[in-house]
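Chemist: One-letter residues, chain by chain:
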Amino acid sequence: MLAYVVRRVLYAIPILVGINLITFALFFLVNTPDDMARMQLGQKRVTPEAIQKWKAERGYDKPLFFNDGSLTNTIFFEKSIRLFAFDFGRAEDNRDIANEIRQRMGPSLALAIPVFLVGLAVNITFALGMAFFRATYLDLWGVVLCVAMMSISTLFYIIGGQYLISKLWHLVPISGYAGGADAAKFVVLPALIGVFGGIGAGSRWYRTLFLEEMTRDYVRTARAKGLGEGAVMFRHVLKNAMIPILTGVVAVIPLLFMGSLLSESFFGIPGLGSYTIDAIQAQDFAVVRAMVFIGSVLYILGLLLTDLSYTLVDPRVRLD
Amino acid sequence: MPVILATDILIWLLVCAAAAFAWYCSTRPHLAAPWRKVFRSRAAVASGTFLILYLGVGLLDSLHYRPALSSTDPKARAVYGVEVHSLLDAALASLRERQERTYSAPLATRLYQKEQVEQPGGASVREFPRLRYGGAHLEDEADAPKDIALRALAGLAFGTLAWAAIFAATRRPLRRRRPDIPWNAAFAALAVLLAFAGPVAALATHYHVLGTDKIGQDVLYQALKSIRTSLVIGTLTTLVLLPLGIAAGIAAGYFRGWVDDVIQYVYTTINSIPGVLLIAASVLMVQVYVDGNPSLFPTSAQRSDFRLLMLCAILGAVSWTGLARLLRGEALKISQLEYIQAAHAFGVSHGRVLLRHILPNVVHIVIITVVLEFSTLVLAEAVLSYIGVGVDPSTTSFGTMINAARLEMAREPMVWWSLGTAFVFMFVLVLAANLFADAVRDGFDPRVRV
Numbered sequence: 001m002l003a004y005v006v007r008r009v010l011y012a013i014p015i016l017v018g019i020n021l022i023t024f025a026l027f028f029l030v031n032t033p034d035d036m037a038r039m040q041l042g043q044k045r046v047t048p049e050a051i052q053k054w055k056a057e058r059g060y061d062k063p064l065f066f067n068d069g070s071l072t073n074t075i076f077f078e079k080s081i082r083l084f085a086f087d088f089g090r091a092e093d094n095r096d097i098a099n100e101i102r103q104r105m106g107p108s109l110a111l112a113i114p115v116f117l118v119g120l121a122v123n124i125t126f127a128l129g130m131a132f133f134r135a136t137y138l139d140l141w142g143v144v145l146c147v148a149m150m151s152i153s154t155l156f157y158i159i160g161g162q163y164l165i166s167k168l169w170h171l172v173p174i175s176g177y178a179g180g181a182d183a184a185k186f187v188v189l190p191a192l193i194g195v196f197g198g199i200g201a202g203s204r205w206y207r208t209l210f211l212e213e214m215t216r217d218y219v220r221t222a223r224a225k226g227l228g229e230g231a232v233m234f235r236h237v238l239k240n241a242m243i244p245i246l247t248g249v250v251a252v253i254p255l256l257f258m259g260s261l262l263s264e265s266f267f268g269i270p271g272l273g274s275y276t277i278d279a280i281q282a283q284d285f286a287v288v289r290a291m292v293f294i295g296s297v298l299y300i301l302g303l304l305l306t307d308l309s310y311t312l313v314d315p316r317v318r319l320d
Numbered sequence: 001m002p003v004i005l006a007t008d009i010l011i012w013l014l015v016c017a018a019a020a021f022a023w024y025c026s027t028r029p030h031l032a033a034p035w036r037k038v039f040r041s042r043a044a045v046a047s048g049t050f051l052i053l054y055l056g057v058g059l060l061d062s063l064h065y066r067p068a069l070s071s072t073d074p075k076a077r078a079v080y081g082v083e084v085h086s087l088l089d090a091a092l093a094s095l096r097e098r099q100e101r102t103y104s105a106p107l108a109t110r111l112y113q114k115e116q117v118e119q120p121g122g123a124s125v126r127e128f129p130r131l132r133y134g135g136a137h138l139e140d141e142a143d144a145p146k147d148i149a150l151r152a153l154a155g156l157a158f159g160t161l162a163w164a165a166i167f168a169a170t171r172r173p174l175r176r177r178r179p180d181i182p183w184n185a186a187f188a189a190l191a192v193l194l195a196f197a198g199p200v201a202a203l204a205t206h207y208h209v210l211g212t213d214k215i216g217q218d219v220l221y222q223a224l225k226s227i228r229t230s231l232v233i234g235t236l237t238t239l240v241l242l243p244l245g246i247a248a249g250i251a252a253g254y255f256r257g258w259v260d261d262v263i264q265y266v267y268t269t270i271n272s273i274p275g276v277l278l279i280a281a282s283v284l285m286v287q288v289y290v291d292g293n294p295s296l297f298p299t300s301a302q303r304s305d306f307r308l309l310m311l312c313a314i315l316g317a318v319s320w321t322g323l324a325r326l327l328r329g330e331a332l333k334i335s336q337l338e339y340i341q342a343a344h345a346f347g348v349s350h351g352r353v354l355l356r357h358i359l360p361n362v363v364h365i366v367i368i369t370v371v372l373e374f375s376t377l378v379l380a381e382a383v384l385s386y387i388g389v390g391v392d393p394s395t396t397s398f399g400t401m402i403n404a405a406r407l408e409m410a411r412e413p414m415v416w417w418s419l420g421t422a423f424v425f426m427f428v429l430v431l432a433a434n435l436f437a438d439a440v441r442d443g444f445d446p447r448v449r450v
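Protein sequence lines correspond, in order, to chains A and B.
Numbering-wise, my numbering puts 225 at position 225 of the first sequence, and it's gapless, one number per residue.
Numbering-wise, my numbering puts 209 at position 209 of the second sequence, and it's gapless, one number per residue.
Heads up, a few of these hints could be off.
Said to hold, decoys possible - Calculated cross-link-like contacts (lysine-lysine; reagent style DSBU-like; alpha-carbon spacing at most 30 Å):
1) Lys225/A with Lys239/A
2) Lys214/B with Lys167/A
3) Lys167/A with Lys114/B
4) Lys37/B with Lys333/B
It should be emphasised that the hints constitute simulated quantities derived from the structure, not laboratory data.
It should be emphasised that the depicted structure is a prediction, and the values quoted were computed from it without experimental measurement.
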């Protein structure tokens with residue numbers, strides 16, 4: 001087990017290096033730092049001195065790979081290798097990115113965790129209901145409703161929910177955030193919308209998993225032995241279907257840290273999602289690079305957790 | 001003078017390729033049977049009718065030209081305007097040209113905001129001025145509801161007649177040729193469409209049926225123009241996705257060993273990067289490139305078209321990994337089967353085995369993926385455009401429509417029609433695509449043999 005974990009962690013290193021190379025190529029080879037400087041400083045009448053100054057301030061004036069035999073005093077080392085030590089440098093507004101990320105993690109999680117947990121419970125309940133009433137009109141219309149809900153863009157859920165609940169009924173503030181217990185007031189609406197928007201795709205997918213599980217032999221055996229449909233569903237099918245559900249879910253747990261891009265920016269929650277969006281819109285390359293790196297690390301962590309969770313929930317799976 | 005945009009060429013090529021693939025399927029029983037099963041489903045036929053209509057609008061919007069400026073001297077060389085129009089623009093010229101000053105509600109006769117109006121006597125009052133075009137033919141504004149009702153009824157009557165004519169003319173021949181297809185579903189879908197299209201078309205000549213936006217442009221026209229953008233993103237992306245996904249997936253599953261390791265490494269790496277961020281970073285880079293090389297793009301249409309094309313390429317380059325993983329698993333299984341071993345024993349080359357024996361046996365996965373991917377991409381476009389890394393702001397798309405409408409949310413009373421229109425047009429498109437995709441999956445997935 002330990003050996004397996006160590007091997008998987010070692011396997012993650014080349015992947016992280018690859019990600020680093022891709023982002024480096026994207027940010028420094030496709031376009032030169034000069035292009036970035038011109039974009040940041042505005043298009044017209046940029047003097048070469050202004051560009052030089054912009055590059056020098058941010059350390060982009062160094063050579064890409066080699067600097068007189070030294071490998072460390074280069075853009076590649078300063079901007080890419082440093083990421084491995086979680087040293088992200090400074091944003092355009094000269095704030096420390098790592099510090100900013102630490103501060104914004106809280107609000108992101110305050111929204112992402114409720115959405116994740118409640119959403120999971122709601123989706124499983126609906127899916128179980130549809131699977132229980134399979135091949136009836138209830139199931140058919142449930143699926144149709146799911147497909148219809150999947151066909152609505154997240155943007156409409158957010159805009160519609162915000163308009164209806166905040167603006168029309170004045171139940172919660174339209175946007176904003178406060179620390180501590182006050183956070184609940186601001187988080188409840190985006191969380192509800194997040195859960196609601198995920199019902200369509202989620203319950204339909206879990207319904208498929210339940211139905212697949214119900215074709216197994218042990219289900220037929222249980223029925224043949226005279227077990228009631230309820231007992232079969234809750235005691236056997238639910239437990240076994242939880243294996244694919246849980247292992248699928250484990251992969252996204254680390255990514256909860258990244259926050260939700262759309263909800264956070266619509267509702268003015270100062271989390272990592274809105275940080276990312278602001279950085280994209282302000283074309284702050286240092287922040288985007290940092291978020292790409294963190295996201296990748298979390299994704300790889302999710303993969304590792306998925307593999308480990310297989311052994312925990314399904315004793316038939318052995319890692320070696 | 002015809003103008004050929006890069007996306008136009010590709011979209012027409014794709015139509016040709018789809019036609020060729022349809023012909024290929026019809027000659028191969030193992031592919032024709034699943035398609036027959038797909039089109040036996042009522043939902044697929046009905047949603048297919050809607051999709052064909054959307055496709056028609058999109059294709060009409062994919063033939064561009066620069067209109068000749070009218071000149072009085074017949075011998076002079078024709079001068080062409082700088083604006084690029086499409087055939088759809090020509091068909092909808094009345095919608096495009098009748099521009100108001102700013103917002104107006106659907107079917108309104110007056111502007112949505114007060115303006116200083118000069119009275120004949122010289123005094124000026126603040127009031128909601130009459131629209132330049134919407135309901136301008138009315139002498140008395142009080143007649144508007146009656147006029148609208150009459151026109152809508154006439155349109156409905158015309159729509160019904162058109163439907164009845166189509167129904168009477170095509171029902172028998174269609175039934176006789178393909179009795180297994182539930183044509184009634186198609187006719188029902190057509191009836192719903194014409195019931196809406198008839199009144200809308202009848203009203204559109206004298207009113208702004210869905211209102212106007214901030215610069216006074218007709219919202220119905222914008223929605224129809226957005227269809228092409230959605231279709232381009234949903235389909236052209238597959239041009240990048242398919243070659244990458246198929247080649248990588250099959251090669252990894254068939255050759256194994258170090259080839260498999262390398263390909264798995266590449267797609268795990270790409271998968272690890274958060275999709276939105278990778279797309280955002282790439283689009284920012286494209287933007288820097290476009291801004292840095294203005295000489296390559298003489299017209300703004302070409303510039304926004306290049307960005308649209310690059311967006312498709314980026315989306316394709318990000319999303320091929322799912323297909324590759326599916327195909328790798330399938331190719332692993334297939335390459336163990338006896339007939340592949342027999343082919344090896346006969347000395348068939350690797351390339352030939354891949355092309356003749358493996359590829360045809362994974363086509364069903366490719367078809368399911370392409371169809372499923374379409375609706376995801378249409379939805380993704382709206383979100384990306386909202387973030388600011390989608391299509392060029394000058395391209396009309398559902399994303400840019402929503403984005404513009406969102407800024408008016410705080411207005412009192414609210415401007416809801418742009419948002420509502422984008423919602424309805426997008427919902428119908430994505431729902432039809434999802435229902436069709438479901439039918440295709442049921443038809444092609446070997447596990448669903450009920």
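Chemist: I'd like to know which numbered hints this structure contradicts. Please list them from smallest to largest.
Modeler: none
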